[in-house]
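Start from the sequences, fold in the hints, and give me the full structure.
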Amino acid sequence: MLHVDHLSKTYGEGSGAVEAIHDVSFDVDAQELVCVVGPSGCGKTTLLKCMSGLLAPTGGEVRLGSERVDGPPEKMALVFQEYNRSLYPWMTVRQNVGFPLRTRSLGKRERSTVVEDAVASVDLSRFLDRYPWELSGGMQQRVAIARALAYQPEILLMDEPFASVDAQTRADLEDLVLRIRHQFGVTVVFVTHDIDESVYLSDRIVVLTPSPTEVHEVLEVPLPRPRHQVSTKELPEFAHLRAHVYRAIKRRQGQGEDDAAARPAAEPFARS
Amino acid sequence: MATVLAVFELLSRGGVIHRRYFPAISDTLATLWHELFTGELWNAVGHTLEGWALGLGIAIALAVPLGILIGSGRLLYRATRAIIEFLRPIPSVALIPLAVLVYGSGLESKVFLAAFASFWPLLVQTVYGVQDVDPVATDTARSFGFSRAQRLLRVTLPSAVPYIATGVRISSSVALILAVTAELVIGAAGLGREINLARSGGDVRLMYALIVATGLLGWVLSALFTRLERRVLHWHPSQRTAEGSA
Amino acid sequence: MTRRRALDLLLEAGVPVLLLVVVAIWSSNSGSYYYPPLTDVLSTFRRAWLFDRVGSDVVPSLVRLGLGYAIACAAGVAIGLVLGLAPRLRRAADPIVQFLRAIPPPALLPFSILVLGVDNTQKIFIIAFVSVWPVLLNTIDGVAGVDPTLRETARVYRIGRTDRVLRIMLPAASPQIFAGMRTSLSLALILMVISEMVASTNGIGYFVLESQRTFAIPEMWSGILLLGILGYGFNALFVLVERRVLRWHRGARASALS
Numbered sequence: 394m395l396h397v398d399h400l401s402k403t404y405g406e407g408s409g410a411v412e413a414i415h416d417v418s419f420d421v422d423a424q425e426l427v428c429v430v431g432p433s434g435c436g437k438t439t440l441l442k443c444m445s446g447l448l449a450p451t452g453g454e455v456r457l458g459s460e461r462v463d464g465p466p467e468k469m470a471l472v473f474q475e476y477n478r479s480l481y482p483w484m485t486v487r488q489n490v491g492f493p494l495r496t497r498s499l500g501k502r503e504r505s506t507v508v509e510d511a512v513a514s515v516d517l518s519r520f521l522d523r524y525p526w527e528l529s530g531g532m533q534q535r536v537a538i539a540r541a542l543a544y545q546p547e548i549l550l551m552d553e554p555f556a557s558v559d560a561q562t563r564a565d566l567e568d569l570v571l572r573i574r575h576q577f578g579v580t581v582v583f584v585t586h587d588i589d590e591s592v593y594l595s596d597r598i599v600v601l602t603p604s605p606t607e608v609h610e611v612l613e614v615p616l617p618r619p620r621h622q623v624s625t626k627e628l629p630e631f632a633h634l635r636a637h638v639y640r641a642i643k644r645r646q647g648q649g650e651d652d653a654a655a656r657p658a659a660e661p662f663a664r665s
Numbered sequence: 033m034a035t036v037l038a039v040f041e042l043l044s045r046g047g048v049i050h051r052r053y054f055p056a057i058s059d060t061l062a063t064l065w066h067e068l069f070t071g072e073l074w075n076a077v078g079h080t081l082e083g084w085a086l087g088l089g090i091a092i093a094l095a096v097p098l099g100i101l102i103g104s105g106r107l108l109y110r111a112t113r114a115i116i117e118f119l120r121p122i123p124s125v126a127l128i129p130l131a132v133l134v135y136g137s138g139l140e141s142k143v144f145l146a147a148f149a150s151f152w153p154l155l156v157q158t159v160y161g162v163q164d165v166d167p168v169a170t171d172t173a174r175s176f177g178f179s180r181a182q183r184l185l186r187v188t189l190p191s192a193v194p195y196i197a198t199g200v201r202i203s204s205s206v207a208l209i210l211a212v213t214a215e216l217v218i219g220a221a222g223l224g225r226e227i228n229l230a231r232s233g234g235d236v237r238l239m240y241a242l243i244v245a246t247g248l249l250g251w252v253l254s255a256l257f258t259r260l261e262r263r264v265l266h267w268h269p270s271q272r273t274a275e276g277s278a
Numbered sequence: 035m036t037r038r039r040a041l042d043l044l045l046e047a048g049v050p051v052l053l054l055v056v057v058a059i060w061s062s063n064s065g066s067y068y069y070p071p072l073t074d075v076l077s078t079f080r081r082a083w084l085f086d087r088v089g090s091d092v093v094p095s096l097v098r099l100g101l102g103y104a105i106a107c108a109a110g111v112a113i114g115l116v117l118g119l120a121p122r123l124r125r126a127a128d129p130i131v132q133f134l135r136a137i138p139p140p141a142l143l144p145f146s147i148l149v150l151g152v153d154n155t156q157k158i159f160i161i162a163f164v165s166v167w168p169v170l171l172n173t174i175d176g177v178a179g180v181d182p183t184l185r186e187t188a189r190v191y192r193i194g195r196t197d198r199v200l201r202i203m204l205p206a207a208s209p210q211i212f213a214g215m216r217t218s219l220s221l222a223l224i225l226m227v228i229s230e231m232v233a234s235t236n237g238i239g240y241f242v243l244e245s246q247r248t249f250a251i252p253e254m255w256s257g258i259l260l261l262g263i264l265g266y267g268f269n270a271l272f273v274l275v276e277r278r279v280l281r282w283h284r285g286a287r288a289s290a291l292s
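Residue numbers (the working numbering), protein chains in the order written: chain P, 394 to 665; chain F, 33 to 278; chain Y, 35 to 292.
No lab work stands behind these hints, which were simulated from the structure alone. Some hints could be false.
[Said to hold, decoys possible] One side of the interface only, derived from the structure: several residues of chain P facing chain Y at Cβ under 8 angstroms:
# : residue
1 : S445
2 : K468
3 : L471
4 : F473
5 : N477
6 : R478
7 : Y481
8 : Y639
For glycine and all other residues, C-beta sits at the position ideal for the given N, C-alpha and C.
Here it is, written out as structure tokens:
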């Protein structure tokens, strides 16, 4: 359904240019939950922004279905990491969730129903008329998810959405994502740096290399569904996968560091 | 910018806008240029700056110490708050007649008005600056055994300086405005009076030239104090600048 | 009520009252020509302003102030929105804006008199022209400084242009716009007074100056007192409105800091 085809992105020009993504390709099938993991600084957020049409790639392309993505597509929603900068503080929860629906031709009552359903599916019905800043971090992120749900996208991108939230809340939110995927059948692309989270959630994991960023490998995650925070994580298979991903990232990271350490030593003697 | 000026020039020369009211920019600039070499312009500038400097100086001399005092003591702050909040919004120009009554139509009136008007923003900024000092910093100093005076000098004041610098910048422009206003309304010597004289005497080009000159003066002073403020803020990158209301 | 709070309230209310009493006593006994007894001023105030001169002086003044300020706010926000959203336009307009706003307002008075005469239009013009700058500049800053994440969210959800400007950019910039409007209000009041002193035959400013010229000192003071009350009153009113409209902003900031 979503195709990332030899995507590359470089910021700036000339000597000050920064290559955020070198060459990334992978596919996401309908109703799949794919996690994208990688070390810090490997351009995960840039990748997501290119996938969502917020940034134009320097090379390669992103296709949703058969159409090229060159601006935010209609059927795609994005949940940002910084929820407190993404929700509008002058709007209530109800208004925030309903705001994107203004572009759709829905009647007032219909819109209200959609909003209330979306908020109910994240268990925040009691807070419909509160302001985002009156809620805790985890609740705010749930509002952001509800907003994405109300929008009824076919594909949902999530940019490290639970990184700014405490561990216990994070577990609840992870289960929320699983539930939503099951209930609504959305395709989900989930970017994270948390390896446990990526194994727990996904059908497949895309592991990125450090800069220059490419796809290191794409792992299948054959863990049984439905997943449980305790029992799934006790499975030996979970530990294997986790270790595999960990080593994949660390090894490339270490290799990258070795390369970097080796290079400068050569340079000064090269000039004379 | 250049296009706007060019358009304006054409409109005026072409007679599209009334030549009498809107002389061509080139004419205005030529008049200004000419004036630069006569004594009168500089005389007027000197008089305006005199009132501005004295007014601002008095304001600084009074507002900063008072502000520090009020900001440092809770009791004093509470006691004076209502008074300041009432006196502050009084339009200083309302006191022009009083100034004329008591000080006449000369420099003293001008200085009084400029000082009164520029006193308040500086006082408020100083109080904010003193109050906004990081309590952790003062507590640390106290735990090291610094006396109250030492804490004031070494912790509170340096952290309040950016606010005071902002306050001085605001006060400087307020003082200039009041100085020119006094010259205009009362007839004290300076640019304001010259502009009015030019107008009533029908010398439109001179009037515009003087307005431009006044604008340039305002701009130069503003740029100077902004530079100074930035310099001071440079040492305190974590400080948020608070633009107090004028 | 705790001891501390009681003391605070006592100071806040008590000291000004004490000061008034001292001023009243001193002015009664000093026999100074320039500073008549406070009681005289107050009775003159009641006589002159409470309802006698409201029609002839207060209303024209307030009408000028109101219209000038309203125009300044409307123009400032509208132009500020446009410039804030179009960086290239803003850069082009910047030198003009910087120059025009640096001209000390009193220098513009003779210009306005020359071109527009001494009628109400002239006064409204000068009030509006001088008061527009804080609103304009703050609107530009506010709009240009809207959090990029807020804008990206709008893009992701394909929010339409009108909605984006009116329901996102404007509210997001409103704290700063309000700060500008508050400064503009005090500027507008000042310009109203000056323009009435220089070129008018009615209005509060005119009254105060004229009283001084005819040596009606208590009347002069009563006018000054009225202006002080107006200045204070408008500011207090503004703060009240701002507090209501920007309730969300204080809440959001408070939770962000904790």
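We went through each hint and held it up to the structure:
Taken as an interface hint, S445 of chain P checks out: its beta carbon lies about 6 angstroms from the nearest beta carbon of chain Y, inside 8 angstroms. At about 10 angstroms, the closest approach between the beta carbon of K468 of chain P and any beta carbon in chain Y exceeds 8 angstroms, and the interface hint on this residue is violated. Interface hint status for L471 of chain P: upheld, as the beta-carbon distance to the closest one in chain Y is roughly 4 angstroms, under 8 angstroms. Taken as an interface hint, F473 of chain P checks out: its beta carbon lies about 6 angstroms from the nearest beta carbon of chain Y, inside 8 angstroms.
About 7 angstroms separates the beta-carbon of N477 of chain P from the nearest beta-carbon of chain Y, less than 8 angstroms, and the hint is met. Look at R478 of chain P: its Cβ gets to within about 4 angstroms of chain Y, closer than 8 angstroms, so that hint holds up. With a cut of 8 angstroms, the hint placing Y481 of chain P at the interface with chain Y holds, because the nearest CB-to-CB distance is about 7 angstroms. Using the Cβ-Cβ criterion of 8 angstroms, the hint placing Y639 of chain P at the interface with chain Y is not satisfied: the shortest such distance is roughly 31 angstroms.
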